[in-house]
Amino acid sequence: MKVRKGADRAGFAAVGLLVVAFAVFFLLPFAGLIDRAAREDGTWDAMTSATARQALWLSLWTSALTVVIAVVAGTPVAYLLSRARFPGRALADALVDLPIVLPPTVAGVALLTAFGRRGLIGEPLEQWTGTAVSFTTAAVVMAQVIVAAPFYVRAARAGFDAVDVQFERVAATLGASRWRTFARVVAPQARSALLGGIVLCWARAMGELGATLIFAGNFRGTTQTMPLAILESFEGAGGLGGAVALSVMLLAVALVFLWLFRLVTR
Amino acid sequence: MRRRLAPWLLAPVAAAAVACSGGGGQEGDITVFAASSLGDVMRDLGAGFERAHPGTHVRLNVASSATLVTQIREGAPADVFTPASPDEAAALSKEGFLSGTPQTFATNHLAVAVPAGKGPVEAFADLAKPGLRLVLAARDVPAGRYAREALRRAEAAGTFGPGFEAAVLSNVRSEEPSVRAALAKVRLGEADAAIVYVTDVPAGDQEVWLVDVPAAVNVRAEYVAAVLRKTANPGTSADFAAYLVSKEGQAILERAGFGRAGTP
Chain A
696 MKVRKGADRA GFAAVGLLVV AFAVFFLLPF AGLIDRAARE DGTWDAMTSA
746 TARQALWLSL WTSALTVVIA VVAGTPVAYL LSRARFPGRA LADALVDLPI
796 VLPPTVAGVA LLTAFGRRGL IGEPLEQWTG TAVSFTTAAV VMAQVIVAAP
846 FYVRAARAGF DAVDVQFERV AATLGASRWR TFARVVAPQA RSALLGGIVL
896 CWARAMGELG ATLIFAGNFR GTTQTMPLAI LESFEGAGGL GGAVALSVML
946 LAVALVFLWL FRLVTR
Chain B
4 MRRRLAPWLL APVAAAAVAC SGGGGQEGDI TVFAASSLGD VMRDLGAGFE
54 RAHPGTHVRL NVASSATLVT QIREGAPADV FTPASPDEAA ALSKEGFLSG
104 TPQTFATNHL AVAVPAGKGP VEAFADLAKP GLRLVLAARD VPAGRYAREA
154 LRRAEAAGTF GPGFEAAVLS NVRSEEPSVR AALAKVRLGE ADAAIVYVTD
204 VPAGDQEVWL VDVPAAVNVR AEYVAAVLRK TANPGTSADF AAYLVSKEGQ
254 AILERAGFGR AGTP
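Chain order of the listed sequences is A and B.
Counting in the numbering used here, the first sequence runs from 696 upward without gaps.
Counting in the numbering used here, the second sequence runs from 4 upward without gaps.
Worth flagging that the hints you see were computed from the coordinates, not collected in a lab.
Glycine included, every Cβ here is placed at the ideal spot set by N, Cα and C.
Certain hints may be false.
Facing chain A, from chain B, some residues (calculated, C-beta under 7 Å) [unchecked claim]:
#, residue
1, A69
2, R176
3, E178
4, D242
One chain only, chain B, in its complex shape:
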């Protein structure tokens, strides 16, 4: 049961959101609430959109999809919502926050991030090594959910032996608030491995290498875009959502390693 919130309770969340968005109200300005894993590519997409639509300005609020949902529920001024899973959009859609149907605009897959160099993890199966320092995104964050789903699939497939899932989960040392926070622990060398998205580590990264998650157990993450019902700028917001699936938008996403909207 969820009721309307007293307006003064919104103040901290709204203030934080306004701080990110700069307040505004200028024509053509929109605020995109984007999942952590979209952070970097969304800046490129925003810049591309601004070039294609002169007079517009795209502001970003990047956080874990779960955090974005809470912010939107508590009244943060978002125009477009792009979570790392359709579940987050479906939840807000059911509660009446979104207008129209969320559209898939990109896909992603999981990989294991490890510190560059020879380390204890060279294959997915190594995640079960006793004493390994593994870090996952929290279970309510899409990346954390997907990672646990991949481990469930690995257990069910039987390829990695019985008890694989439990052995890997017993190596988890920290449940980080976002997939990027989990990756940071690997980048620092504090963790031996983290399950992240393939797009989280750019090609040629000097500090972090990726180890494949086998296709048979990998999980397909789906990014959707939805326009908020309460948007102050429905036109520009719809244009931005359309830009994400346009030829140009898709090319930017593909360059960053994301899968095309229609691909499996």
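Just chain A, with the same shape it has in the complex:
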């Protein structure tokens, strides 16, 4: 008995140590950012600059639009993948996950090959309309959708999977339409999964850098989102100071939004 108790205690201590080490690993970089921001002279100027304001606003509204697109277009896809039985479903499932695995730079290059001025669709589209999508805010949203929406679809699909099909059958026998069944029976039960997917999708869209830089370029007010502004600042003459200021700003805004989202959806 005594021996086992000792082993338990040792195991508990080991797990506790791991948890602390893990937490410290995540907290230290945040502490570093805040510490550096507090010590740099230009922090406040960088945070209140027009560049920061434009980039933050662009990031917020493009990522919000990305979430709307993901929910509107991704929910039916997720529901279909969860319920429908069709040949090649496993492949369709894998295709949805593919953008999650791809580095965003690959997503950016892929977007160019499709929608760029020499792309599959981009070239005829430019000949027809006279405009190209690269270097526009639309390109920013497209880059965010391709890297972020799969996170929502994935989460939504898992949520629908967890809803017992029996409920839908019962609702159907009671005369509810498919749409009503989905809205009143399935969606409410999958609610927490859907909300989790929205948070994941939004977070990924806010953080998008690689695909945006390659496909949309970097221009203030048009395509320069917060991550791009942070990169430019890091590479600029100002060095780390400006990048740290913008990073802290982005973290603070993200924290507030995630917290508000939790409060509203609780």
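Since the structure of chain A is already known, use the hints to place chain B on it.
Coordinates of chain B only, in the frame set by chain A:
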């Protein structure tokens, strides 16, 4: 005001630099932090140096000069620093990161890169055409600074008419993180033009053609080499800096299209 950085903050930068350099500590190993525009020629120079100095190994970290400055400031393990402008070296020298005086080893000039074939840009003056999709390197990157300087000179010269500089700048669609990123946008056909270095496009390139920037407004880029004060290998580092201005080093640079150290 700049203070010493807490060591744990260095971790990502140092890790990235070590990933590029492979860690090491072997005798004769040096890490060269080279400007984007030197990327290709520096590989040849490194190989030439290794042949001339058996037992040495040259590792490269290629990025925009501005990025290299930030990396070095944050403690990245560099031995030799070769930015595309003396300004970057002067800044680090003032902060005590460099030993000795930076030496000029090559020069370069600007040109306009355009997609191969008949396009909207056939002369420097065409950069002001309304609706043109122009891409520049960011303003803190030497190539971006030089490009804007050339436009200022063009405006001052008056040859291209009043408002030329503003008209060209209003065509800028993207400010890319490095001169090579700006060139890539032309290579892909996304941009109609980018202001780059003449050496960025090799002779006989099938995808990108160069349009001259007139000598009267062109800017002379100067590449300098400096040995870091904290280098673990001062001997090999100094040898490498000397190799850049040696007959052999200069020949390699000249083949790649760079100007000799002493030329205007």
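Evaluated hints:
no.	hint	result
1	A69	holds (5 Å)
2	R176	holds (4 Å)
3	E178	holds (5 Å)
4	D242	violated (30 Å)
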